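For the record, the sequence lines run as chains A and B. Counted from 1, the first sequence has number 376 at position 376 by the numbering used here; the numbering is strictly sequential. The numbering used here runs 475 ahead of the 1-based position in the second sequence.
You may find that some hints are simply not true.
[Claimed, not checked] Pairs of lysine-lysine residues, derived as DSS-like cross-links and limited to a Cα-Cα distance of at most 27 Å, are as follows: (1) A:K178 with B:K653; (2) A:K410 with B:K803; (3) A:K44 with B:K653; (4) A:K178 with B:K882; (5) A:K421 with A:K358; (6) A:K119 with A:K140; (7) B:K885 with A:K407; (8) A:K472 with B:K653.
Since the hints were derived computationally from the structure, they do not count as laboratory data. Owing to the predicted nature of the structure, the values given are computational and were not obtained by experimental measurement.
Each chain, letter by letter, is given below.
There are 2 protein chains.
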Amino acid sequence: MGNNWIKTSKGVFKALVLIVLATHYTTLPAQTPDQAADAAVIRKIYDQALTDGLCYPWLHDLCFDVGHRLSGSIGAEKAVRWSKAVLDTIGLDSVWLQPVMVPHWERGAAEEVLVIGTKKRAGIRLDALALGGSVSTNDKTLSGEVVEVTSWQELDDLGERGIRGKIVFYNRPMDPTKIRTFEAYGGAVDQRVHGAARAAKYGATGVLVRSMGLRLDDYPHTGTLRYDTTVTSIPAVAISTNAAERLSALLQTESTARVSMKLDCRTLPDVLSYNVIGEIRGSEFPDQVILVGGHLDSWDVGHGAHDDGAGCTQSMDVLRYFRQMGYKPRHTIRCVLFMNEENGLRGGQEYAREAERKGEFHVCAIESDAGGFTPRGFGFDAEESVLNKFFEKVAAHQSLLEPYGLKLAKGGSGADISPLKGQKGLLSGFSPDSQRYFDYHHTAADVFEAVSKRELELGAGSMAALVYLLDKYGL
Amino acid sequence: MGNNWIKTSKGVFKALVLIVLATHYTTLPAQTPDQAADAAVIRKIYDQALTDGLCYPWLHDLCFDVGHRLSGSIGAEKAVRWSKAVLDTIGLDSVWLQPVMVPHWERGAAEEVLVIGTKKRAGIRLDALALGGSVSTNDKTLSGEVVEVTSWQELDDLGERGIRGKIVFYNRPMDPTKIRTFEAYGGAVDQRVHGAARAAKYGATGVLVRSMGLRLDDYPHTGTLRYDTTVTSIPAVAISTNAAERLSALLQTESTARVSMKLDCRTLPDVLSYNVIGEIRGSEFPDQVILVGGHLDSWDVGHGAHDDGAGCTQSMDVLRYFRQMGYKPRHTIRCVLFMNEENGLRGGQEYAREAERKGEFHVCAIESDAGGFTPRGFGFDAEESVLNKFFEKVAAHQSLLEPYGLKLAKGGSGADISPLKGQKGLLSGFSPDSQRYFDYHHTAADVFEAVSKRELELGAGSMAALVYLLDKYGL
Numbered sequence: 001m002g003n004n005w006i007k008t009s010k011g012v013f014k015a016l017v018l019i020v021l022a023t024h025y026t027t028l029p030a031q032t033p034d035q036a037a038d039a040a041v042i043r044k045i046y047d048q049a050l051t052d053g054l055c056y057p058w059l060h061d062l063c064f065d066v067g068h069r070l071s072g073s074i075g076a077e078k079a080v081r082w083s084k085a086v087l088d089t090i091g092l093d094s095v096w097l098q099p100v101m102v103p104h105w106e107r108g109a110a111e112e113v114l115v116i117g118t119k120k121r122a123g124i125r126l127d128a129l130a131l132g133g134s135v136s137t138n139d140k141t142l143s144g145e146v147v148e149v150t151s152w153q154e155l156d157d158l159g160e161r162g163i164r165g166k167i168v169f170y171n172r173p174m175d176p177t178k179i180r181t182f183e184a185y186g187g188a189v190d191q192r193v194h195g196a197a198r199a200a201k202y203g204a205t206g207v208l209v210r211s212m213g214l215r216l217d218d219y220p221h222t223g224t225l226r227y228d229t230t231v232t233s234i235p236a237v238a239i240s241t242n243a244a245e246r247l248s249a250l251l252q253t254e255s256t257a258r259v260s261m262k263l264d265c266r267t268l269p270d271v272l273s274y275n276v277i278g279e280i281r282g283s284e285f286p287d288q289v290i291l292v293g294g295h296l297d298s299w300d301v302g303h304g305a306h307d308d309g310a311g312c313t314q315s316m317d318v319l320r321y322f323r324q325m326g327y328k329p330r331h332t333i334r335c336v337l338f339m340n341e342e343n344g345l346r347g348g349q350e351y352a353r354e355a356e357r358k359g360e361f362h363v364c365a366i367e368s369d370a371g372g373f374t375p376r377g378f379g380f381d382a383e384e385s386v387l388n389k390f391f392e393k394v395a396a397h398q399s400l401l402e403p404y405g406l407k408l409a410k411g412g413s414g415a416d417i418s419p420l421k422g423q424k425g426l427l428s429g430f431s432p433d434s435q436r437y438f439d440y441h442h443t444a445a446d447v448f449e450a451v452s453k454r455e456l457e458l459g460a461g462s463m464a465a466l467v468y469l470l471d472k473y474g475l
Numbered sequence: 476m477g478n479n480w481i482k483t484s485k486g487v488f489k490a491l492v493l494i495v496l497a498t499h500y501t502t503l504p505a506q507t508p509d510q511a512a513d514a515a516v517i518r519k520i521y522d523q524a525l526t527d528g529l530c531y532p533w534l535h536d537l538c539f540d541v542g543h544r545l546s547g548s549i550g551a552e553k554a555v556r557w558s559k560a561v562l563d564t565i566g567l568d569s570v571w572l573q574p575v576m577v578p579h580w581e582r583g584a585a586e587e588v589l590v591i592g593t594k595k596r597a598g599i600r601l602d603a604l605a606l607g608g609s610v611s612t613n614d615k616t617l618s619g620e621v622v623e624v625t626s627w628q629e630l631d632d633l634g635e636r637g638i639r640g641k642i643v644f645y646n647r648p649m650d651p652t653k654i655r656t657f658e659a660y661g662g663a664v665d666q667r668v669h670g671a672a673r674a675a676k677y678g679a680t681g682v683l684v685r686s687m688g689l690r691l692d693d694y695p696h697t698g699t700l701r702y703d704t705t706v707t708s709i710p711a712v713a714i715s716t717n718a719a720e721r722l723s724a725l726l727q728t729e730s731t732a733r734v735s736m737k738l739d740c741r742t743l744p745d746v747l748s749y750n751v752i753g754e755i756r757g758s759e760f761p762d763q764v765i766l767v768g769g770h771l772d773s774w775d776v777g778h779g780a781h782d783d784g785a786g787c788t789q790s791m792d793v794l795r796y797f798r799q800m801g802y803k804p805r806h807t808i809r810c811v812l813f814m815n816e817e818n819g820l821r822g823g824q825e826y827a828r829e830a831e832r833k834g835e836f837h838v839c840a841i842e843s844d845a846g847g848f849t850p851r852g853f854g855f856d857a858e859e860s861v862l863n864k865f866f867e868k869v870a871a872h873q874s875l876l877e878p879y880g881l882k883l884a885k886g887g888s889g890a891d892i893s894p895l896k897g898q899k900g901l902l903s904g905f906s907p908d909s910q911r912y913f914d915y916h917h918t919a920a921d922v923f924e925a926v927s928k929r930e931l932e933l934g935a936g937s938m939a940a941l942v943y944l945l946d947k948y949g950l
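If we strip away everything but chain A, and leave its shape as in the complex, we get (with noise of 0.2 Å):
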């Protein structure tokens, strides 16, 4: 897109063509007194995120200070002690460490993959990551004939008879039909979850599962599995989607072709670890919680910067927003910074535990855990006649977030604040633009240069533009 208004008879057109562009999804309804004022006050939370906002160097140090951060790891540790020291920055009415105990799983020396008993592809090496939990192979290196599969019928009608001492391939990729890609991940990712212990049933020695990802491209992505202990834990690994089509075409032409894998990981003793909390005293219902978060861990590849550094930091920004507004919040606000949910969620638990004990009642409790992305809405999760009393009270003024491209809907939310469900709060879930989140999602990939400052800021203004109104119009 150029300057044709270098003619100024186009020049006016242009001009036109460019602000009504840029405004014709800004443009606000007619406002009753108290509309203006509101939308004032999230005009000005949106001004001191773009203007003004800290999110995008605090995501910087954590990336490269910290980096990454899995459970029970020094990486963890020292995320903990700089998010401590950041928040005790910003005037808080208190900040402190809720200890929890979590999973220390280590992946130990890279994982060696590689193509052996062929002639074209022999030794060739295939991009591989351990999938978290994994056991290794005993400093020994596993080979075997792969049997590849794209469903768990594929999988019963081969049984034992055609797995015994093999490595089961699962190469179901995910459906780039799904426009929102959290469906396509929710239909695939049940191969790297239950793939270990399905196959394991059938006898077979390992498994590779295609990475989590709907680019076709040389990073293998991590993530949780799940091991059945009625049989044996067998050896996972993910393989980059380049990496599987590799393998499967090989497949097709070479039935010779082995695998070897070596993997070095061992799961540890739990480790005392912590959530980090900070928090504005409401000054009508200081018991009453209004809570924004993330988690702290990462897995322990990349920088962990979209998933969820990018939550993090932006959950510590919406209450330095507040403070240095001056805002006077009816209900407390917190931040929450939540440890483990990558493989385990025990800072989640443990947080909704504590809250139970001290009979806190979070009013609403909003996760950033989609990325860094451009801000597109939240959604609500809550029994109907909560969400009903949401979209009459609060919703209601959603027309003031929608020159910020921001649609409240119901359904959604996240996996940290799932254990406050008892509650009868609502939960929320921030949602970005997720086109691009797999392109990264736990992957050497996740790191600080994928994340826009912009979209970032953007981001946490439209948490704290969502908080304030909870916190005006309460439920």
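Put chain B on the given structure of chain A with help from the hints.
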């Protein structure tokens, strides 16, 4: 975001979270049979775009085999041949070249812009690109004191006294608080377009313009300027936002700071070039055209991937989808790749003249020239009566587009199609997410790798879906 369904209880819930989150924007309202049929066609269009699309590999070839392609350059010539050859492969009813004479400006040797005459920063290079159309420094090095201004008022207040013999530095940033970035662009680009002419009036010898970008980085953004024929044309360069910040800081402390610049640009005689056009003839209304297009030319840096390789390859793929589907349109569906949008609009003007001569009516002309990002909707421009008719007859069906995140709104169009305004048909601008567009616009960073395959394909699908509704419900 991980998978807390590693614990079955939570597993079920998280699966729910994912799916609900995934679907809460994609539930259709109750439909008539006719709507259901339309919904099925639109779904089929997106399925093709997302599973069988060619816009992404085409964009790859345009970027790597052709490269950037400013009007009059060898690149532009190659782009014409390349796109004609591709259109010839997709079984259209006709493909042709429409001759048009275009300007031919060349950058020549790389710009050299240095800070001189200071202790601290002497000799440091400012990342710069000559503005399109700029005159050279006549094989000499131009140097002078620098006067920084951030408004036309400041310029006028300085006047001849403060400006004669100096280099004017325009340093008004794009406004980051505008949610739609095109609005921020519209509010700053006057410095680039008119800065040289207005400074020359006061006797300036050259101008530096802060790049039109929202991010602080080292990429200068080129783009067109407009000289005033009544005053001398002076050399003009854009400097990166980082360079602008550095220079501005320096000027605070070292008033003796000077800048030297050497530009090698020249304007050559006009060159014969072409709009590249392909169409599927309409069965009922062959002389009534639904146009999809973008501009084939680009600036002479990077790949011109978002601006506007994306719009070109999307438009080409739209016609291919209909052919693949065996769809017989009632109106003629035409893809137009316009030449010379960036520095003249000659292609758009010639196209409109020719359409006039042939007595063709354009029901709607849709331009994609805002980048290959996630689709948000379309803007429409026309006479009030036409616009209202459209919103009654076609936009009435926009609930069919909501599952794909699309919104149809009044206002917005495109530069190349603007000369068709006289025809009293509809003009439409495809409106993708705008947050990252000005990270790439007119820079060396606008490369193939900056485009997401899915986002590009979703845009092409969205354009085809709109064309389908226009073809079915007409005006």
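| message | For a C-alpha distance cap of 27 Å, please report whether K885 (chain B) and K407 (chain A) respect it. | response | 20 Å, holds
| query | Does K653 (chain B) lie within 27 Å of K178 (chain A) when you go C-alpha to C-alpha? | reply | Not OK: K178 (chain A) and K653 (chain B) at ~31 Å, beyond 27 Å, violated.
| task | Would you check the hint for K119 (chain A) and K140 (chain A), treating anything up to 27 Å between C-alpha atoms as holding? | result | 24 Å, holds
| Is it true that the CA of K472 (chain A) sits at most 27 Å from the CA of K653 (chain B)? | This hinted pair holds, its Cα atoms lying about 25 Å apart.
| said: Between the alpha carbons of K44 (chain A) and K653 (chain B), is the straight-line distance 27 Å or under? | reply: Between K44 (chain A) and K653 (chain B) the Cα gap is close to 12 Å, so the pair holds against 27 Å.
| task | Measure nothing beyond the straight line between the CA atoms of K178 (chain A) and K882 (chain B); if it is 27 Å or shorter, mark the hint as holding. | result | Holds - the C-alpha atoms of K882 (chain B) and K178 (chain A) are around 19 Å apart, at most 27 Å.
| message | Holds or violated: K421 (chain A) and K358 (chain A), Cα atoms, limit 27 Å. | response | Status holds; Cα separation ~16 Å.
| Satisfaction of hint between K803 (chain B) and K410 (chain A), Cα-Cα up to 27 Å | With a Cα-Cα distance of about 40 Å, the restraint between K410 (chain A) and K803 (chain B) is violated, given a limit of 27 Å.
Comparing the model with each earlier hint shows violations of hints 1, 2; every other hint is respected.
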